[in-house]
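Student: Using the sequences provided together with the hints, build the complete structure.
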Amino acid sequence: MPASTDIAILPDRAASIVEAGSAGGPVKCGKGSVAGSVSQRACVFCGSRVVLYPITDALHIVHGPIGCAAYTWDIRGAQSSGPQLFRNAFSTDLQELDVIYGGEQKLEHALLDLIAQHGPKAAFVYSTCIVGLIGDDVKAICKRVAAATNIPVLSVASEGFKGTKKDGYRAACEAVQHLVGTGDTSDIGPHSINLMGDFNIAGESWVIRDYFERIGIQVVATITGDGRVDAIRRCHGAKLNLVQCSGSMTHLAKSMEQDYGVPFKRVSFFGIEDMAAALYETARFFDSPELLDKARALVAEEVAKIMPQLSAWRADLNGRKAAVYVGGAFKAFSLVRALRTIGMTTAVVGTQTGDAEDYDQLREMCDPGTIIVDDSNPLELAKFCLAQDVDLFIGGVKERPIAYKLGIGFCDHNHERKECLAGFVGMLNFAREVHATVTSPVWNYVPRRAGAAHLELEEARS
Amino acid sequence: MKALPPDHAHPTPRGGTPEFPSASTNPCKLCTPLGACLAFKGIAGTVPLLHGSQGCATYIRRYLISHFREPVDIASSNFSEDSAVFGGRRNLHHALDNVGRQYHPDLVGVATTCLSETMGENMPMLLGEYHRESAADGLARPPTVHVSTPSYKGTHAEGFNDTVRALVESLALPPRAGLNAPTPPALLPGMVSPADLRHLRDFAAAWQSPVTLVPDYSETLDGGTWSDYERMPTGGTTVTDLRALGRAAVAIECGLVLAGAKATAGTHLARRCEVPLHRLGLPIGLRQTDALSDVFADLTGRPTPLRLAHERARLVDAYVDAHKYLSGRKAIVYGEEDLVASLAIFLAEIGIVPVLCAAGGRSGRLEKAILTNAPELANRIEVREGSDFADIEERITALKPDLLIGSSKGYKLARALDVPLVRCGFPVHDRLGAQRIQLLGYAGTQQLFDRIVNALLEAKQAHSEIGYSYL
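Chains as they are written, first to last, in full-length UniProt numbering: chain A, 1 to 462; chain B, 1 to 471.
You can take every hint at face value.
Listing some non-contacts, in silico: residues in chain B with all C-beta distances to chain A over 10 Å:
id, residue
1, Asn180
2, Ala259
3, Arg272
4, Arg329
5, Leu417
6, Gln461
Pair ranges (Cβ atoms, derived):
id, chain 1, residue 1, chain 2, residue 2, range
7, B, Thr234, A, Asp74, 32 to 38 Å
8, A, Ile9, B, Asp290, 51 to 57 Å
9, A, Asp184, B, Arg90, 51 to 57 Å
10, B, Leu432, A, Lys254, 40 to 46 Å
11, B, Ala135, A, Ile9, 22 to 28 Å
DSSO-like, lysine-lysine: derived pairs with alpha carbons at most 30 Å apart:
id, chain 1, residue 1, chain 2, residue 2
12, B, Lys412, A, Lys418
13, B, Lys412, A, Lys121
14, A, Lys31, A, Lys166
For the record, the hints were derived by calculation from the structure and aren't laboratory data.
Beta carbons are placed, not taken as given, at the ideal position from N, Cα and C, and that holds for glycine.
Tutor: Now the structure itself:
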């Protein structure tokens, strides 16, 4: 019996794990992680940094000791069509004396220096744990520096301990809100949208923008992928917000609906079904048969391009099983559907930030027996992967060694990846990567499979 | 140029003032708890636990995983706003309970982050209470070792060294009557690669001497694939080994900058347990590896083993073969202070001038460490402490280096300059095999030497219009 079956689920974690198709209460979620549980989640700061990082022409400075800035230095796959300022790690690098006497002056000097040196369109100041504790008045400094430099200087209340990553998303949205509504909207047409919650990983925002522009829809701002401060300033002139990463951007979308009357729709750009649905829904929103016809033509054209190859790979992948552990629930939904498109089933699915409704939906859409989990940890994930005997794990950098150590194929679907996985072209890339890993001959030699392969060979010989 | 004084008196050319140095742009260091977690990963059956916010553990895991490409489980006591206000006692105890339940560790390595440090968490009290309460309830709990790692004080390398010291201080027992049979030499190698740790063990074995490496993550962070999930990968210095360190025949502590520190694992063993202490550089290059050989020769009374003599001879032979490609070439070396110091001394002996030696740390001892051991570099190099990549970039046009030596973080500069980058140190996360990069001993120097020569030759070929196909 493998030792993994001995891995005890912590009592505090039991209610966060359910099986699709089985009775049981709602998935316990949306809470702080259990102490000592080695959660895969990060912190409030992480949430803010992820969301705002791709705004390319802004200065992003972390007010705190060096670690928080060092660990987030250009680790994302977000791309820019112009400015590269966002790819630097700026930090006040607080030292012991700053912690004792306060870091306000150091922050002010740093901001004035860096703004003079780099000429950004705006500056975001991220507060870390320690700043929350020593009580630096970051807002007041931002106000002073904004007055002195004549650019928006926005404080992001991202103290690590003040909630979960989701609270960091909210803090990021609140900072961006100060920019919205300050730009000229006069040349924005009636069929216009903002793309929200796409971060232009490997150029994904460009792919999506291209689809919408091809059917005749103006994209005012991409928030925040390949983001520009000036575009965000005028994004309230768009007629519709499309929110992809619902966890991160719904707050901003809601406040724009309230303040500027811009409605929003939740969509996903991953997988054929979801990408097509996003285009159709948008066309329907504008109530234009012409747009809808164009959308249909675009989908038909793009699907025809990728289908022959997808079908070939599907033949190899049919019946294989996957585990999915990602940040947000919308990505999980899309992945379950995209895996189906290439013939695979999802045997384990979990997220860091899903809410009760998300988990209800996962329960409904997954096959009975699928393990559904909120805020998991390495021991649980290993246990579930082995118990379900999966062939593929989809996650981020922290999940990769769990899969590889156990001899399981892996596909990175997190912000660090360098591969475009959105849109139709993204579906092709996704399927290529899944196929490449799942069908690799290396698994014949890992302990988990080597035994089985050996037995098969023996059988064939006898 | 003079080494910069520590901490606040850090004059910077980028518009800062001594009172308010410029912000850091693209840091050349990481934070202290990362070093603590790495050191704890080298102790058998140990789970690192960060007392503070969840993010610290996750970011550090993410960074260590990218370098070592191995699972790195680090627990967190996961502070909330409540814990920041009322203290983290409950979280710490709960976290220790849960780590015990799931991992069954031999030891829990507790490091305090900037948050819990600033709150002034009384760790001896909180941990003492935990062990007392557990004992009263009849529960067996693994021992804990605490290290103070506020990230606003020092670098990841200092966090690493402080953790090694904390382990030795907490666990090594002074010799007692009836229990004083000497134990193997203690070798405290500093932040080196798993392959280098394995090589150091082989190096000692060539002298027919066993050795206790502290820490030893040669297996825990560079192991094979598993048939089942290993909660704590096998390998590492055992708690028993650590307890026996007080009776070690000798202690060898690597790191020339560390050698200037008042309190280290080595000084503790020397002062409290009267273990003879040798403070050496990281054994990179002939001079520094010879120094390590001398220690073993004294200790064992043997001449240099044939195997090592051959390795050394081959290295000298390689130096000769390649000297014309290296003579007068200029390198920028950056990273952890001890690594920078030892690399600079090695480069000096092969004819490369380390025109800029830059470190994120601010010990105030880097320049002296280099020049004492490689006096031929006097007046030929700049040594910068408290440096970052913007700082290095500022000097780069004037210095026109032929190559960069350091972590992956210099890649952008190397690319912009169109010069090769020889990757070593931490982190190396844009190449495979960081665990297997060798620098130490004659054999490790050979690997590094070949990489340096070939990087320069490759750059020459790449820039050649003709593309010569042999030397």
